[in-house]
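Peer 1: Residues per chain are reported as follows:
Number of protein chains: 2
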Amino acid sequence: MSDHTVAPVVPTPALEPPYYAVVFASVRTDRDPDGYTGSARRLSGLVRRIPGFLGEDFAHTPGGLAISVAYFGDLAGIEEWRRDPEHLAAKERGRERWYERYVIHIARVEHSHGFTRT
Amino acid sequence: MSDHTVAPVVPTPALEPPYYAVVFASVRTDRDPDGYTGSARRLSGLVRRIPGFLGEDFAHTPGGLAISVAYFGDLAGIEEWRRDPEHLAAKERGRERWYERYVIHIARVEHSHGFTRT
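Protein chains in written order, with my numbering: chain S, 309 to 426; chain A, 309 to 426.
Certain hints may be false.
Where chains are identical, the list cannot tell them apart; a pair therefore holds if satisfied intra-copy or between any two copies.
[Stated by the list, open to error] Straight line, CA to CA, 25 Å or less: simulated SDA-like cross-link-like pairs of lysine to any residue: (1) LYS399 to ARG350; (2) LYS399 to GLY381; (3) LYS399 to THR369; (4) LYS399 to GLY371; (5) LYS399 to ALA322.
Think of the hints as simulated: they come from the structure by calculation, not from any bench.
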C-alpha cells in the first residue's frame with residue numbers, strides 16, 4: 309500500500325534488470341475509508357525503509373480497480389516487507405474491512421525501458 | 309493499451325506460475341484524447357487474440373498515473389504482440405502525441421495469490 313492521497317505523475321524509472329516487481333491489484337469496499345487512508349500513508353513511509361526498495365507506482369480508477377507496483381532489488385527485501393509487523397496487521401485489517409478482493413503477483417523483471425517526451 | 313472507458317472491477321485472478329506480466333506505467337498529454345481512446349479500444353480487442361494472452365488489469369488516477377498490467381503465458385506471446393503492426397503504429401502515435409512519459413517492465417511471475425471476500 310502507498311500514499312494514495314497524492315497521485316504521482318512521474319512513474320518509477322526503468323531500472324537495470326534483474327529486479328523484482330510486486331503487483332497488487334485491488335477492489336475496495338466502501339467501509340472505513342479514513343482508516344484505510346491513514347494506514348496506507350503510514351505503510352508508504354515504512355516500505356521506503358526496507359533495504360532494496362526501489363520505488364512504487366500507484367493508480368486508482370475512481371470506483372474501480374487500484375493497482376500498485378512496488379519495485380525491490382531482491383526477494384529478501386520483499387520477504388522482509390511481507391513479515392513486517394505493521395504491514396501484517398494492516399493486511400489483516402484489509403481483509404476484514406477494506407478489500408473486496410485483491411490479487412498479488414511477485415515477478416522478476418527481465419527487461420525494462422522508458423520514454424520521456426523531449 | 310486496453311479499453312480504458314470501462315474500468316474493470318474484478319482483477320485478473322491469481323494464475324499458476326510461471327507466467328509473464330508486462331507493466332506499463334504512463335502519464336498522458338492532453339492532446340488528441342479521442343484518438344487515444346479509439347486506439348486503446350481497438351488494441352484491447354487485438355491483444356486478446358495473441359496466443360498465451362491471459363488477461364489485463366488497468367487503473368488510471370484522473371490527471372495522474374495510468375498503470376496497465378498485461379499477463380501472458382510465455383515470452384513468445386509478448387514478442388508477437390510487440391511486433392504486431394497495429395500495435396507498432398499505435399506506439400509510434402503514442403510517442404508523437406499521447407504520452408508525456410512511460411515505463412515498461414517485463415517480468416516473470418514467480419508467485420501469485422488472491423483474496424476474495426466471502
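Peer 1: None of the hints should be skipped; say for each whether it holds.
Peer 2: Here is what the structure says about each hint:
1. LYS399 to ARG350: within (13 Å within a copy, 37 Å between copies)
2. LYS399 to GLY381: within (23 Å within a copy, 29 Å between copies)
3. LYS399 to THR369: both (21 Å within a copy, 23 Å between copies)
4. LYS399 to GLY371: within (21 Å within a copy, 28 Å between copies)
5. LYS399 to ALA322: Classified as between: cross-chain Cα gap 17 Å, same-chain 29 Å, threshold 25 Å.
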